[in-house]
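Engineer: Here is what each chain is made of, one letter per residue.
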Amino acid sequence: MRRSQPLVYATLLLAIAFSAFPLYWLFVVATRSNDVVGDWPPPLLPGGNFGDNLGRLFDADEANFLTGMVNSAIASVTVTVAVVFFSTLAGFAFAKLKFRGRGALLFVILATMMIPVQMGIIPLYMIMVELGWQNRLEAVIVPFLVSAFGVFLMRQYAERAVPDELIEAARVDGASTFRIYWTVVLPALRPGAAVLGLFTFMGTWNEFLWPLAVLEADNPTVQFSLSQLSTTYYTDYTLMFTGALVAIVPLTFVFIAFGKQIIGGIMEGAVKA
Amino acid sequence: MALHLTKSRPPTADLHPEPAPPRGRLLSRIDTRWSPYLFIAPFFVIFAVFGIYPLVYTAWVSMHDWEIAGKGEFVGLANYTALFADADFWNALVNTLGMLVLATVPQLVIALALAALLNQSLRGATFLRMGVLIPIVTSVAAVGIVFSQIYDRDVGMANGLIGLFGIEPIDWRADKWSSWIAISSMVNWRWTGYNAIIYLAAMQSIPRELYEAARIDGAGWLRQFRSITVPMIRPAVIFTLIVSTIAGMQLFTEPLMFGQGAYAISGGSLRQFQTVAMYMFEKAFRDFDYGYGSAVAWMIFLVIMLLTAVNFLITRKRG
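Chains as they are written, first to last, in the numbering used here: chain P, 1 to 273; chain Z, 1001 to 1319.
Incorrect hints may have been included.
One side of the interface only, derived from the structure: several residues of chain P facing chain Z at Cβ under 7 Å [claimed, not checked]:
#	residue
1	Val-36
2	Trp-40
3	Leu-44
4	Leu-45
5	Gly-48
6	Leu-66
7	Met-69
8	Phe-152
9	Asn-206
10	Asn-219
11	Gln-223
12	Tyr-233
13	Val-249
14	Pro-250
15	Leu-251
FYI, nobody ran anything at the bench for these hints, they're computed from the structure. We put the CB at the ideal spot given by N, CA and C, even for glycine.
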């Protein structure tokens, strides 16, 4: 093709190398022992210490890493399922059903969508105290069961992806509105809902500030555990790196399995904006 | 989907072609009338309690002398006047804005270049796109750990690399400029590819004829890029600019992980890299001064609004 092609590939591959290197380095250090980490030139191949480091990780009392992993898994899955369900349900209503106050209610969603959650974190903490949810998993799940952005996204998607005739046809057949949602709308929304689910999962897994505020070190999320590692064992790099490596394993699986959908989702979202 | 419909319909239905009995009709009217509200209700109930209420209530808390023991006196704007005289707050704001610029500008410029490269007919396009997106599979705390080690004064790779050029090792955490660079590099690394994919999507929706016309007029590659590509993807640029600004004003995890040790929340011994989000956290959840912390939260919000407006104005003028 054009003369510049090889240069384009070379530049892109260089960019990818930059993107991948810190992750590779994460892997290398997690498999090494502490005495070689600071060597120059740095060790660039993995070693045989991973099992050892892993054992130390799960023994590290201050971090409660296993609890953190389990908590994060429970929270991420619950939040993802709920956000997808409630967002598709409300998105369908806003896109395809007629009801009084629709415009005004949609405006509320639009207006609050961009406001950062951090803003309300202090009163949110007070609510948790009232409910007795400090240091409990409910605190990192319940407030996040719905998402304004999710509703908006699913509304946009439903407008394009669900033909009115299908809904009408189902109504003529005597299907209830919920039945229409379940058998007609939800299947049509599946690609968009999958993307919403992926991003919700990654977002919940990565949530940092709020768990740090409301949970304690004995009942952490995985990110909280990582922060504990870095405050308590900050000279022990192989231990911290092993934790970081284990913490991104679920995300890596998601990325490998759904990478194409993730790219599609980002590109769709951008076209909308 | 058509399959579902035909399948769910029992054959006996055809034997009674008359309209449904009154009871069924009433039910169906109730269904069409109230179902929409039922469908949006879960969202609005949870969102009102855990989303909107805390947001509004933050303003109320910020006007009180409110600590862990409970609500104290109403103090009006006293927390805000104290905040305006608070050197630590201004320091945190300057740090945040500094890192915002260092993290946003290179990120978007490189993303633009990457998108232009990706926007050609390339073999293995999916592989290349996934490649630049690799950083988003990491969690922020993990990124913080890796980069903290890379920027370690004694054992870090960054100092090893600059040593090759004869530069003396830098104590990256010690100064404002060096810690800002280190922290911004984490943000840049993580989000450049993501923004590149957003720009790529925008570029792909530009009609090819525009480029052909420009080529006939003798416009070179750079000229085409400047006069067609960039103006046509402006909405995407504005979008990424606003998203990066909002995220940048809330920067928290990266500097916290970079800080290490027990006093990480203050962003270094001299607060050289404490952000406003960290300052809010410190006030509310370390000093338990909820009133003052809420005032910080509102200030963050106001600055975000202000910067978003500025973004809009600048990008509109340019067009």
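Engineer: Look at each hint and say if it fits the structure.
Structural biologist: Against the structure, the hints come out as follows:
Interface restraint check for Val-36 (chain P): the shortest CB-CB distance to chain Z comes to about 10 Å, outside 7 Å, so the restraint is violated. Interface restraint check for Trp-40 (chain P): the shortest CB-CB distance to chain Z comes to about 5 Å, inside 7 Å, so the restraint holds. Given the 7 Å rule on beta carbons, the hint for Leu-44 (chain P) is violated: about 10 Å separates it from the nearest Cβ of chain Z. With a cut of 7 Å, the hint placing Leu-45 (chain P) at the interface with chain Z is violated, because the nearest CB-to-CB distance is about 15 Å.
Residue-level restraint check for Gly-48 (chain P) is violated (minimum Cβ-Cβ distance to chain Z is 20 Å; threshold 7 Å). For Leu-66 (chain P), the shortest C-beta to C-beta distance to chain Z is roughly 17 Å, which exceeds 7 Å, and the interface hint is violated. Given hint, Met-69 (chain P) at the interface with chain Z, is violated; its Cβ is 12 Å from that chain's nearest Cβ, farther than 7 Å. Among the interface hints, the one on Phe-152 (chain P) is violated; its C-beta lies about 11 Å from the nearest C-beta in chain Z, farther than the 7 Å criterion.
Taking 7 Å as the C-beta cut-off, the interface hint given for Asn-206 (chain P) holds, the closest approach to chain Z being about 5 Å. Annotation: interface hint on Asn-219 (chain P) violated; nearest CB of chain Z at approximately 16 Å, more than 7 Å. The restraint placing Gln-223 (chain P) at the interface with chain Z holds, with a minimum CB-CB distance near 5 Å, inside the 7 Å limit. Here the hint on Tyr-233 (chain P) is broken, as its CB sits about 10 Å from the closest CB of chain Z, past 7 Å.
Because the smallest distance between the Cβ of Val-249 (chain P) and any Cβ of chain Z comes to about 10 Å, over 7 Å, the interface hint for this residue is violated. Using the Cβ-Cβ criterion of 7 Å, the hint placing Pro-250 (chain P) at the interface with chain Z is not satisfied: the shortest such distance is roughly 10 Å. Annotation: Leu-251 (chain P) was flagged as interfacial toward chain Z, and the flag holds, the nearest CB pair being 5 Å apart, inside 7 Å.
Checked against the numbered hints above, the structure violates hints 1, 3, 4, 5, 6, 7, 8, 10, 12, 13, 14; every other hint is satisfied.
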